[in-house]
Amino acid sequence: MVIKYMEIKAKYASRLAVAPMMDWTDRHCRYLHRLLSRQTLLYTEMVTAPALVRGGALHLLDHSPEEYPVALQLGGSDPAELAQAARLGAQAGYAEVNLNCGCPSDRVQSGTFGAVLMKQPALVAECVSAMRAAVDVEVTVKCRIGVDDQNPEDVLPEFLARIVGAGCERVAIHARKAWLQGLSPKENRDIPPLDYPLVHRMKELFPNLHISINGGISSLEEAQSHLEGGLDGVMIGRAAYHQPADLLCAADRVIFGEGEDSNPFEVVRAMLPYIEGHLSSGGRLHQVTRHMLGLFAGRPGARAWRRTLSEGATRSGAGPELVEQALATVAQGTRAAE
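Just so we're aligned, residue 265 is where the sequence shown starts under the numbering used here, counting upward by one.
Keep in mind that a hint or two might mislead.
[As the list claims (entries may be wrong)] Restraint-style ranges between C-beta atoms, simulated for each label pair:
hint, residue 1, residue 2, range
1, Gln551, Phe529, 40 to 50 Å
2, Ala386, Leu536, 47 to 57 Å
3, Arg502, Arg533, 19 to 29 Å
4, His464, Arg502, 20 to 30 Å
5, Asn415, Leu322, 35 to 45 Å
6, Leu387, Arg533, 18 to 28 Å
7, Glu451, Leu322, 45 to 55 Å
8, Ala595, Asp413, 51 to 61 Å
9, Ala595, Gln445, 25 to 35 Å
[As the list claims (entries may be wrong)] Straight line, CA to CA, 30 Å or less: simulated DSBU-like cross-link-like pairs of lysine-lysine:
hint, residue 1, residue 2
10, Lys275, Lys467
11, Lys383, Lys467
12, Lys383, Lys275
13, Lys273, Lys467
To be clear, the hints were calculated from the coordinates, so they are not data collected in a lab. The beta-carbon is built from N, C-alpha and C at its ideal position, and this holds for glycine as well.
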């Protein structure tokens with residue numbers, strides 16, 4: 265019953281999700297985002313199945329119950345190994361296991377997973393089927409609309425049909441192609457043109473498939489537009505990281521129709537006990553505060569907030585008092601602007 269509840273909660277929460285982002289959406293980032301929004305679905309960074317199964321790196325699954333609902337994203341292309349990794353993720357308490365078929369980095373390609381899997385829909389279907397057989401939580405997929413010279417109008421429907429046939433009921437589609445040769449991972453996030461209409465057409469072709477759209481969405485208003493246009497969910501990446509308060513403070517009210525807006529000042533204060541716990545276990549302040557730099561983006565005092573944390577958090581002995589000092593500069597800037 266607990267597993268079923270978590271699966272239902274994750275599906276509901278995927279109406280708005282923060283995308284899995286390497287080096288960004290670690291457990292400290294997710295704890296912050298959960299304080300900003302109680303409902304939004306959060307994802308881990310991509311964790312490779314070989315690291316878990318062959319490397320025994322189970323620390324990569326570390327998270328806290330306070331992050332729920334939270335999903336684990338896996339990278340890999342071996343069905344048996346992915347099944348084993350999914351089992352480890354489910355045992356660790358994740359509400360969903362997501363297969364990465366969208367990351368375009370060279371390192372991912374060399375491991376034959378990520379966006380390169382768009383070229384092997386039959387293999388992806390095998391992976392999904394094996395993972396579903398191994399766990400009771402939902403298995404989902406994140407993909408691109410195509411790669412390289414593929415025609416998305418042709419390959420995306422075939423790809424979706426394959427994973428639906430394997431039992432996948434929820435997919436997040438990054439509405440850009442990935443160019444595996446010639447563009448860097450950073451360029452692949454900006455240069456290939458977005459094709460939102462194609463993703464919306466996929467919903468018409470697959471009405472029973474829960475489809476979330478990803479790529480270039482930077483406001484709750486844009487998210488609402490896609491939801492009102494018939495899609496089931498919206499996944500936001502960089503904007504949610506760089507301007508978390510703008511995207512997440514009002515998310516529960518605007519997207520989910522429940523709860524009150526969170527307050528970034530109160531969220532910072534709520535982070536202080538978490539920071540103290542992290543420091544007492546041997547952690548460093550900057551490991552947490554690096555995810556908080558954009559919290560006051562566009563607001564009075566934002567520059568002083570960033571500067572205080574950026575310059576001071578890496579110093580030996582830096583602690584919660586530095587965060588309080590930085591918060592005071594924001595409060596001062598806010599008063600001056602009134």
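Each hint, compared with the structure:
Range check, Gln551 to Phe529: Cβ separation about 22 Å, and the 40 to 50 Å hint is violated. A C-beta distance of roughly 51 Å is found between Ala386 and Leu536, which places it inside the suggested range of 47 to 57 Å. Our hint of 19 to 29 Å for Arg502 and Arg533 holds, since their Cβ atoms are close to 26 Å apart. Judged by the Cβ atoms, the range 20 to 30 Å given for His464 and Arg502 holds: they are separated by roughly 22 Å.
Take Asn415 and Leu322: their Cβ atoms lie about 41 Å apart, and the range 35 to 45 Å holds. Here the CB-CB span from Leu387 to Arg533 is close to 48 Å, at odds with the stated 18 to 28 Å. Distance hint check: the CB atoms of Glu451 and Leu322 are about 34 Å apart, inconsistent with the given range 45 to 55 Å. Between Ala595 and Asp413 the beta carbons are some 54 Å apart, a value that agrees with the proposed interval 51 to 61 Å.
For the hinted restraint 25 to 35 Å between Ala595 and Gln445, the CB-CB distance of approximately 50 Å leaves it violated. Of the pairs offered as hints, the one joining Lys275 and Lys467 holds, with about 16 Å between alpha carbons and a cut-off of 30 Å not exceeded. For the proposed pair Lys383 and Lys467, the alpha carbon gap of about 21 Å is at most 30 Å, so the pair holds. Between Lys383 and Lys275 the CA atoms are separated by roughly 27 Å; this keeps the pair inside 30 Å, and the hint holds.
At roughly 22 Å between alpha-carbon atoms, Lys273 and Lys467 fall within 30 Å of each other, so this suggested pair holds.
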